[in-house]
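Build the full structure now, drawing on both the sequences and the hints.
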Amino acid sequence: MKVLVVIPTYNEVQALEPIVSRVRTSVPDADILVVDDDSPDGTGDLADRIAADDGTVHVLHRAGKEGLGKAYLAAFDWAMGRDYTHVVQMDADGSHRPEELPLLLERAGMSDYPDLIIGSRYVRGGEMVGWPKSREILSRAGNFYIKAWLGIPASDVTAGYRVYRTGFLRRIDFTSVESSGYFFQTDMTDKVHQLGGSIIEMPINFAQREVGESKLSASIFAESFSRATKMGVKRRARQVAALGRSAANRLRRRPS
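The sequence shown runs -16 to 239 under my numbering.
One or more of the hints may lead you astray.
[What the hints assert, rightly or not] If you anchor each label on the Cβ, the simulated ranges turn out as follows: (1) Gly64 / Ser117: 41 to 49 Å; (2) Pro85 / Val106: 13 to 21 Å; (3) Leu86 / Gly179: 37 to 45 Å.
What the hints contain is simulated information worked out from the structure, not anything from laboratory work.
Model, not experiment: these values are computed from the prediction.
Yeah, the Cβ is synthetic: ideal placement off N, Cα and C, and Gly gets one too.
So this is what it looks like as structure tokens:
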């Protein structure tokens, strides 16, 4: 396996060095790509200094804050041009524990070649550590709603700790990925499912961020509900239209 761990950053100057160090310790054979959206707090400059001292750390500078999804899509393109077999998504803030990554990668490397490994909070053994109960309930409800509307075979469709098989990423038309924000995770999970990809969930302990301020807000949850509803309505409309065409064709073929 040739693994690239992607860490998107925006104003994560306090968190960056600790998370890079933990990744290096946990998966010493992996490369790291820091994707920085021109952070005003100097995160990009710090990433450059880390990369100068460690040849396995790379930095992708972007012109401005365009959203989490755009950062990951840029990273996917970067990875596919350099023959990585697997791409890991990981938050910079410590909520995704690098110490759990070896198990995710072990599963990703098994002979059934899963296309997407999701580090899940909601399968047996998964846990949210240090999060308010109200936030956990809202997250669980949102995931249940999205799963029901879109028919995605996963319990934690919004999870951000992931391992993609790069060969499968090549099959996805990235121009069809509409969300640039946090709904990107759901959008990508749906793309994998719609293309017939295999999705495996592994339990993780999802921790409250260790340093800095959370970027989650009520508007992010509202966006997820809204986008999932619109996607579900469009999908059901297409299904109804297809059933109507099928019924009409059967009637036309019926002898008079």
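Results for each hint:
1. Under the hint 41 to 49 Å, the C-beta atoms of Gly64 and Ser117, about 43 Å apart, fit the expected range.
2. Checking the proposed 13 to 21 Å range against Pro85 and Val106 shows it holds: the Cβ atoms sit about 18 Å from each other.
3. At about 25 Å, the CB distance of Leu86 to Gly179 disagrees with the hint of 37 to 45 Å.
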